[in-house]
Structure formats: structure tokens, C-alpha cells
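Residue numbering for the sequence shown follows our numbering, starting at 3 and increasing by one per position.
Hints were generated in silico from the structure; no laboratory data involved. Cβ atoms here follow ideal geometry from the backbone N, Cα and C, with glycine treated the same way. Be aware that a few hints might be false.
Now the in silico label distances, taken between C-beta atoms and shown as ranges [unchecked claim]:
1. E61 with V21: 18 to 28 Å
2. S99 with T60: 16 to 26 Å
3. W75 with D32: 32 to 42 Å
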Amino acid sequence: MSVLVLDTSAIVAFTQGSVDVGEPIAEVRDSGGTILVPVVCVVEAARTVDAAMLHLLTEHPACELVPLTGNEWPMAATTTLMLGRLDLATSLMAAASRGGFVLTGEPLAYGALGEDVVISLGA
3 MSVLVLDTSA IVAFTQGSVD VGEPIAEVRD SGGTILVPVV CVVEAARTVD
53 AAMLHLLTEH PACELVPLTG NEWPMAATTT LMLGRLDLAT SLMAAASRGG
103 FVLTGEPLAY GALGEDVVIS LGA
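Please construct the entire structure, taking both the sequences and the accompanying hints into account.
Right, here's the structure in full:
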């Protein structure tokens, strides 16, 4: 696994010290891979967690922040309509664009769209 996307639930779990997030980050880093962190998910997580922990994650050398750019709005809108949430949509889009996987505590929220790319926390 060379690309791993952390969705909002994985980001929240990271800020709470979850080894179910820390270990995959270390594995991806050790294999030379990249951790993608969608900005939309960071903003959503910021509503409930300590900003200092979000800074720790977003400044991690293996992590790359993924913005939602203007030209991506049609795909973001379509995927949000299908999943019901923008943060889920941007996580799935990031994984699809880089051939990666989404680490999540909410695997069922991705439905059939995520069946091939979603990894459940603790799995």
C-alpha cells in the first residue's frame, strides 16, 4: 500500500492516539508511500478535536494535504450527492486519483462506491 487516505474519522482517531491509525501511517512511511489528508476532512475534524494534534498530523513528513480545487467541483458534487457528505467524497476522490485506499472508522458510509478501496480501522 503506497498511498493511504485518512478520512475524518481516521483523523479524529489519530488525534486520540489510536494505534489503528498510527501503525498504518508508520507502515506506509516505512515503505516510501504517502499519507493523503484531505483538507475538507481536517476542517471537519477541527470541529471536535484539538488543533495542536491536527497540526502534528498535517506537518508529519509522510503526510500530504490534499486540497479541493475548483476544477474538481463537478466530481465532488456528484460524489457528495451519492454519499451524502463532502468529507467522504473528497476522501474517496483522493484515493481514486492516486490509486490509494481510504482508512476509516465508517466503512459502511462509503457504500458500494468504497467497497474496493476502504480499509476499516482495526481491520
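Hint check, failures only = Those not satisfied: there are none.
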